[in-house]
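For the protein sequence lines, the chains are L and U, in the order given. With the numbering used here, the residue at position 47 of the first sequence is 47, and numbering never jumps. With the numbering used here, the residue at position 71 of the second sequence is 71, and numbering never jumps.
These are computed hints drawn from the structure, not numbers from a lab. Computed from a prediction, not measured in an experiment: that's the story for all the values here. Even for Gly, the Cβ is constructed at its ideal location relative to N, Cα and C. Possibly wrong hints are sitting among the right ones.
Derived list of chain U stretches under chain L, where covered just means 3 residues or more per stretch with a C-beta under 8 Å from a C-beta of chain L [unchecked claim]:
(1) 30-40
(2) 51-63
(3) 104-110
Computed far set for chain L versus chain U, every beta-carbon distance over 10 Å [what the hints assert, rightly or not]:
(4) Ser-35
(5) Arg-87
(6) His-95
(7) Thr-108
(8) Gly-115
Here are the simulated lysine-lysine pairs, DSS-like style, with alpha carbons at most 25 Å apart [to be verified]:
(9) Lys-68/U <-> Lys-47/U
(10) Lys-47/U <-> Lys-106/U
(11) Lys-106/U <-> Lys-44/U
(12) Lys-106/U <-> Lys-43/L
(13) Lys-68/U <-> Lys-106/U
(14) Lys-33/U <-> Lys-47/U
(15) Lys-76/L <-> Lys-43/L
(16) Lys-44/U <-> Lys-43/L
(17) Lys-43/L <-> Lys-47/U
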Amino acid sequence: EVQLVESGGDVVRPGGSLRLSCAASGFSFDDYGLSWVRQVPGKGLEWVSGINWNGGRTFYADSVKGRFTISRDNAKNSLFLQMNSLRAEDTALYHCVRVRFSYGNPTTFDYWGQGTLVTVSS
Amino acid sequence: QSALTQPASVSGSPGQAITISCTGTSSDVGRYKFVSWYQQHPGKAPKLMIYDVTERPAGVSNRFSGSKTGNTASLTISGLQPEDEADYYCCSYAGSGTFVFGGGTKLTVL
């Protein structure tokens, strides 16, 4: 059974930093890309960042580019999101998501974690 | 990276069919065949229902189907059942490894 379990969410002040983690199990970790997708409680989904199977390619939404860094450790079946210069509008539930690739491009989010809550507030 | 446009809400009676539209642009929905749909029940993680415009993952009911014409994709649910009541989100690949989601549609089964 595919499992994605996020951790690291917390309350942080504007301008602060936070590192999210995602522990994966139930599949061959280094065969898949991964992404972070966030959701303001009661609101819609927003794609944040993605990474390919070996970490050689990373992708970011314009809203987080230059502030967030995605990375992975295939030896530990883990995905990370380093979040710097946090803003109130970054407040959301952050889901770790497994990504299918097709012809070298990410295409589909096929399994989702339950999410970890990040609150940016003074 | 503007959000795709979905109706805020749709409703139908048990046994009926409903369709949810998802309108993007020639840079996302119109350009790529990588449109997917997700179902989300309250307090739960989203679940993949349709991928690559028309494909159903194993285990998803054949009452769910997808299509696309130009810049608009659609999700059709036939034979509505009470458990179909949920929020539905479309998503499209937008090039350069990026994605855009729709704002979500709340489906009410009357």
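Verification of the supplied hints:
1. Counting residues of the stretch 30-40 of chain U whose CB lies closer than 8 Å to any CB of chain L gives 3, which reaches the minimum of 3, so the coverage claim holds.
2. For the stretch 51-63 of chain U, the assignment as covered by chain L holds, since 3 residues bring a beta-carbon within under 8 Å of that chain's beta-carbons and 3 suffice.
3. Chain L is given as covering the stretch 104-110 of chain U, and this is violated because 1 residues of the stretch bring a CB closer than 8 Å to a CB of that chain, at least three being needed.
4. A beta-carbon of chain U comes within 10 Å of the beta-carbon of Ser-35/L; the shortest separation is about 8 Å.
5. The claim that Arg-87/L lies off the interface holds: its Cβ sits roughly 17 Å from the closest Cβ of chain U, which is beyond the 10 Å cut-off.
6. A Cβ of chain U approaches the Cβ of His-95/L within 10 Å, the least distance being about 6 Å, so the stated non-interface status is violated.
7. For Thr-108/L, the non-interface assignment is contradicted: its Cβ lies about 4 Å from the closest Cβ of chain U, within the 10 Å cut-off.
8. For Gly-115/L, the requirement that its beta carbon stay farther than 10 Å from each beta carbon of chain U is not met, with the minimum near 7 Å.
9. Straight-line distance between C-alpha atoms of Lys-68/U and Lys-47/U comes to about 20 Å, which keeps the hinted pair within the 25 Å bound.
10. Only pairs whose Cα atoms come within 25 Å are accepted, and Lys-47/U paired with Lys-106/U is accepted, the gap being roughly 15 Å.
11. For the suggested pair Lys-106/U and Lys-44/U, the alpha carbons sit about 14 Å apart, so the restraint of at most 25 Å is met.
12. Restraint check for Lys-106/U and Lys-43/L: the C-alpha separation of about 11 Å stays at or below 25 Å, so the hint holds.
13. For the hint linking Lys-68/U to Lys-106/U, the alpha-carbon distance of about 20 Å falls within 25 Å, and the restraint holds.
14. Straight-line distance between C-alpha atoms of Lys-33/U and Lys-47/U comes to about 19 Å, which keeps the hinted pair within the 25 Å bound.
15. Restraint check for Lys-76/L and Lys-43/L: the C-alpha separation of about 33 Å exceeds 25 Å, so the hint is violated.
16. The hinted pair formed by Lys-44/U and Lys-43/L meets the criterion: a straight-line CA distance of about 13 Å does not exceed 25 Å.
17. Restraint check: the Cα-Cα separation between Lys-43/L and Lys-47/U comes to about 16 Å, which is no more than 25 Å; the hinted pair holds.
Comparing the model with each earlier hint shows violations of hints 3, 4, 6, 7, 8, 15; every other hint is respected.
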